[in-house]
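Engineer: Given the structure of chain A, go ahead and fit chain B onto it with the hints provided.
Protein chains in written order, with our numbering: chain A, 1 to 251; chain B, 1 to 251.
Some hints could be false.
Which copy is meant is left open, because identical chains are indistinguishable; a pair holds if it fits in one copy or across any two.
List time: in silico BS3-like cross-link candidates among lysine-lysine, alpha-carbon distance up to 25 Å [stated by the list, open to error]:
#1 Lys137 <-> Lys161
#2 Lys94 <-> Lys42
#3 Lys221 <-> Lys41
#4 Lys220 <-> Lys41
#5 Lys220 <-> Lys42
#6 Lys220 <-> Lys94
#7 Lys114 <-> Lys161
#8 Lys41 <-> Lys160
#9 Lys221 <-> Lys42
#10 Lys94 <-> Lys221
#11 Lys167 <-> Lys137
#12 Lys137 <-> Lys198
#13 Lys137 <-> Lys41
None of these hints come from the bench; they were simulated from the model. All values reported here derive from a predicted model rather than from experimental measurement.
Protein chains: 2
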Amino acid sequence: MNRRNFFKKTVIAGTGAILIPEIVNAAIPGTNSENAFAGLKKDAVILFQGDSITDTGRKREDENNANAQSMLGNGYVMLTAASLLANNPLESLKIYNRGISGNKVFQLQERWEKDCLSLQPDILSILIGVNDYWHMKGGKYEGDIAKYNADLRDLISSTKKELPGTKIVLCEPFILAGGAALDSTWESEFAGYRDAAKQIARDFNLIFVPFQKVFNEALKKAPVDYWGRDGVHPSLAGAELMSQAWLKAVL
Amino acid sequence: MNRRNFFKKTVIAGTGAILIPEIVNAAIPGTNSENAFAGLKKDAVILFQGDSITDTGRKREDENNANAQSMLGNGYVMLTAASLLANNPLESLKIYNRGISGNKVFQLQERWEKDCLSLQPDILSILIGVNDYWHMKGGKYEGDIAKYNADLRDLISSTKKELPGTKIVLCEPFILAGGAALDSTWESEFAGYRDAAKQIARDFNLIFVPFQKVFNEALKKAPVDYWGRDGVHPSLAGAELMSQAWLKAVL
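In isolation and in its complexed conformation, chain A is listed as follows (with noise of 0.2 Å):
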């Protein structure tokens, strides 16, 4: 069977492109979602946000050299880049990660003005929640799901107003079942953080990227190790799944 075969027998089952893992298109088969995007316009800016999944060791002295690899840190925000760099060298993208590790939603309302508003981002990609439940359990914080909830609802209401020509993406917040640093009252737990995630996508009509979902499926092929030791922070096989999730579900 040539190349040319075997794209051919790709396309006619259905399972998407060469390249996306397997495991991706299970999660997000088929084609986009009705929100998304045609395309990248030129000098669109797009920014990350989130805590340390988006942060991943980013150079704080870098955060305005737009694409720098320093500053885009060592996660599925720089293999995004990455690939959205590499395949659109006409279109002078400004891409900026402005993840903090240990955020909650609580603080990037805190740090909006400077971390996304003034960025005016073409592309808002946000991914929040798993802080808003694990310092509450480990008694460092007294929200709930009903704080992360009204705190994310609000964040994404007023920059829908403030920046009303920007594409908001919304990540659900996910677990690694079996992860080192999680016990077994994660996961039923957690639920309630994704729900709310996935409704507030659904009512403000942002672009949704499943990841749990996506982490699911990879758990059928692979152990937990290999995809993220911790449960919470992905390996580097784990963080470019989640790059080939954002870009099938966005672009």
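Structural biologist: For chain B alone, coordinates are given in the frame of chain A:
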């Protein structure tokens, strides 16, 4: 036009797969070479060897920790590993980076037992040559094209004898015209090193990854700073092109 139709159209046009940058398809058109590997076997060991372009800040202390991101560095090896690991979770691949900044061919030879043969790679990828020229030009090294050619030929020849089952990938050394570290003499003088590598790949029936062609195509789309400011070390976007080209040429 829905996504399914878009895939069909792309396939019919024969331009290759979605998510492979247009630049890579221009440099590596159509099907794979006759040598292309049919697939990745289970437990395959994949070793990347070379100089700083391969090294990319990898942590020496993690060098035996297969697939660890810190060991893989921040360049094309890490990006290639991310894709291989996410796409092949059932295969238990073991991927290593043993590039060392500043290396010339004879320095690979000196550490070959420890950093290649002992790992018994199923796939061995080598990118070497820019320092063989650069250090000679800078007066730090007495080698020339003839020595590069002889040293690389010896290295490949002995490796084929020691590791008869290993698939060897020889990557084309490259420069990005106009880079800050290059003067006008580089383009003509370095061509001989590239030609030597290409001829060796032919003579030993190796997979050849035409990185120079990839970057020549890339420079038609965006300036040198976008792909690698100094003309030797690729940016994140440049590293992603390398990764996609490697994957297209090898798999």
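Engineer: Give a verdict on every hint.
Structural biologist: How the hints compare with the structure:
no.	hint	in the structure
1	Lys137 <-> Lys161	neither (33 Å within a copy, 59 Å between copies)
2	Lys94 <-> Lys42	within (10 Å within a copy, 40 Å between copies)
3	Lys221 <-> Lys41	between (37 Å within a copy, 16 Å between copies)
4	Lys220 <-> Lys41	between (37 Å within a copy, 20 Å between copies)
5	Lys220 <-> Lys42	between (39 Å within a copy, 17 Å between copies)
6	Lys220 <-> Lys94	between (36 Å within a copy, 20 Å between copies)
7	Lys114 <-> Lys161	within (16 Å within a copy, 60 Å between copies)
8	Lys41 <-> Lys160	within (19 Å within a copy, 49 Å between copies)
9	Lys221 <-> Lys42	between (39 Å within a copy, 14 Å between copies)
10	Lys94 <-> Lys221	between (35 Å within a copy, 16 Å between copies)
11	Lys167 <-> Lys137	neither (33 Å within a copy, 51 Å between copies)
12	Lys137 <-> Lys198	within (22 Å within a copy, 59 Å between copies)
13	Lys137 <-> Lys41	neither (42 Å within a copy, 43 Å between copies)
Hint compliance for this structure: hints 1, 11, 13 are broken, all remaining hints hold.
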